[in-house]
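Quick mapping for you: the protein sequence lines, in order, are chains A and B. Position one of the first sequence corresponds to residue 1 (our numbering), numbered consecutively onward. Position one of the second sequence corresponds to residue 124 (our numbering), numbered consecutively onward.
Simulated from the structure, these hints should not be mistaken for lab results. Any given hint might turn out to be false.
[Stated by the list, open to error] Simulated crosslink set (SDA-like; lysine to any residue; CA at most 20 Å straight-line):
no.: 1; chain 1: A; residue 1: K43; chain 2: B; residue 2: K400
no.: 2; chain 1: B; residue 1: K419; chain 2: A; residue 2: L70
no.: 3; chain 1: A; residue 1: K43; chain 2: B; residue 2: A420
no.: 4; chain 1: B; residue 1: K186; chain 2: B; residue 2: K363
[What the hints assert, rightly or not] Away from chain B, derived, C-beta distances all over 12 Å, residues of chain A:
no.: 5; residue: E13
no.: 6; residue: K25
no.: 7; residue: Q64
no.: 8; residue: I67
no.: 9; residue: Y73
no.: 10; residue: P111
We put the CB at the ideal spot given by N, CA and C, even for glycine.
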Amino acid sequence: MRLLTHNFLKCNEENCTGGYPLQIKLDDTSSENVKILEQDFNKEFVKNVLSKVDYDVLYNTAKQFGISLLFSYTSQHLEDEGFLNSIHHALFKIHIMEGSLICPQCHVSFPIKDGIPNMLKGN
Amino acid sequence: MSEARGEPGSGTGAGARFFCTAGRGLERFLMREVRARLAATEVEYISGKVFFTTCSDLNMLKKLKSAERLFLLIKKQFPLISSVSKGKLFNEMQRLINEDPGSWLNAISIWKNLLELDAKKEKLSQRDDNQVKRKVGENEIIIAKKLKIEQMQKIEENRDCQLEKQIEEETLEQRDVTTKSENFQEEFQNDIEKAIDTHNQKDLTFRVSCRCSGTIRKAFTAQELGKVIGIAIMKHFGWKADLRNPKLEIFIHLNDVYSVVGIPVFRVPLASRAYIKTAGLRSTIAWAMASLADIKAGAFVLDPMCGLGTILLEAAKEWPDVYYVGADVSDSQLLGTWDNLKAAGLEDKIELLKVSVIARCVLWPMLYTARFMKLPGCPFGKSEGNVESDGNCHCLQKVLILLFLTFHLGKSLS
Numbered sequence: 001m002r003l004l005t006h007n008f009l010k011c012n013e014e015n016c017t018g019g020y021p022l023q024i025k026l027d028d029t030s031s032e033n034v035k036i037l038e039q040d041f042n043k044e045f046v047k048n049v050l051s052k053v054d055y056d057v058l059y060n061t062a063k064q065f066g067i068s069l070l071f072s073y074t075s076q077h078l079e080d081e082g083f084l085n086s087i088h089h090a091l092f093k094i095h096i097m098e099g100s101l102i103c104p105q106c107h108v109s110f111p112i113k114d115g116i117p118n119m120l121k122g123n
Numbered sequence: 124m125s126e127a128r129g130e131p132g133s134g135t136g137a138g139a140r141f142f143c144t145a146g147r148g149l150e151r152f153l154m155r156e157v158r159a160r161l162a163a164t165e166v167e168y169i170s171g172k173v174f175f176t177t178c179s180d181l182n183m184l185k186k187l188k189s190a191e192r193l194f195l196l197i198k199k200q201f202p203l204i205s206s207v208s209k210g211k212l213f214n215e216m217q218r219l220i221n222e223d224p225g226s227w228l229n230a231i232s233i234w235k236n237l238l239e240l241d242a243k244k245e246k247l248s249q250r251d252d253n254q255v256k257r258k259v260g261e262n263e264i265i266i267a268k269k270l271k272i273e274q275m276q277k278i279e280e281n282r283d284c285q286l287e288k289q290i291e292e293e294t295l296e297q298r299d300v301t302t303k304s305e306n307f308q309e310e311f312q313n314d315i316e317k318a319i320d321t322h323n324q325k326d327l328t329f330r331v332s333c334r335c336s337g338t339i340r341k342a343f344t345a346q347e348l349g350k351v352i353g354i355a356i357m358k359h360f361g362w363k364a365d366l367r368n369p370k371l372e373i374f375i376h377l378n379d380v381y382s383v384v385g386i387p388v389f390r391v392p393l394a395s396r397a398y399i400k401t402a403g404l405r406s407t408i409a410w411a412m413a414s415l416a417d418i419k420a421g422a423f424v425l426d427p428m429c430g431l432g433t434i435l436l437e438a439a440k441e442w443p444d445v446y447y448v449g450a451d452v453s454d455s456q457l458l459g460t461w462d463n464l465k466a467a468g469l470e471d472k473i474e475l476l477k478v479s480v481i482a483r484c485v486l487w488p489m490l491y492t493a494r495f496m497k498l499p500g501c502p503f504g505k506s507e508g509n510v511e512s513d514g515n516c517h518c519l520q521k522v523l524i525l526l527f528l529t530f531h532l533g534k535s536l537s
């Protein structure tokens, strides 16, 4: 599961109103709970996707994985390849393989197994 | 679709005349596709078949996505009248050849030219080492499928074309092809070389594949009719029949609307994709559905009930610069999708989620458009339209309700 997908997921528990963003908890017992996989960089595509994500959520989540993005950006930054590359890395190359997503409000936990988050397990 | 007398295959000058078989309801998609992809002209259709003229080479023709099979047209004319005596009918059939043998020879030479051109291109690209390795990989899949489908084609030869049966039968599985790959690689090349290597036309071996439907089927079997044509071909051109491994295959379809004769351009149906390991939905329909979504670069596309991911695979191949998400409620289906993604090399293009469409939505509200289009034959509902999201995102539920209403209750969508 990429950080891009994480950016769009929320808790669906009954009566939960504040279930976004979900907190990522990695599975420490697993040997490979995060993978970094190469992906072709497409400038226009990254710009397009960037306009659709919640940037604050991305910034905070990327920090968790040791990526420090710019706190905020302007339209000038959109032409800076270095900036776009960092976005590309954060959004597309980090794959969370084993862990769970935890709702900040109701603390329900959605497991991630083999990179696929299971949104059915409202516990 | 009235025609004057008969319609021979045209020469290479203005392009060659082809036809494709297509599933019912997909003709519209195919017509649009041949115009867009192949700059086809003189495009027309009769139920189940789309006819067109194009100058494109095999590479472009191979890319057709909404067609079942592709043929070079030899002859298309008015249907044979089956209410006459056997003798008269057989005479009619023989006239298909005797009347205009030029169109037969013409089509065959066009076919050989196409294959020659393709073989030359293959040889050129095989000089590059990297490409050879990739091709072996591709060919493994193509050839494993080709073999399986050839076996099925032999069974199907004298039956009517029934799409439902094909869907059941075509559960292609990836076997261990590493040992077979070298042999198959050679065979594949040999096929092309065999077809080209007929300096003397008399060397040609052929097989007739006859399909009948409608009233003619009630009076005669496809086997009988195929035999009549076969004998007439032997008499007229002097070729030998070879039922197992012919160089040339002749395809004849007779029904109440037309009589069509053609040469299949590829042994493997276009509908069988090299990049789909395990098919869920039929690939042609999956592609057609994806094309309805009007996907543009940079879009987000969600398949909330992706099954084995067939629609997403077709979409990702055609529109690559897009963020695809597949969701399903079943673990085994998701595993199957993952397998398919790996086999196609598309794991970096498509994300997977385990989601239930009847549970509350897990997607953070974002504006979306769900497009629906009534396909011909669907008896109710508006023809087409968009469903726009509102502030409260219940998108997955909305999609489900839409489907429920159209298929189960027959309600009109407004």
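Can you name, in rising order, the numbers of the hints this structure does not satisfy?
-> Structure breaks hints 1, 2, 4, 5 and 10.
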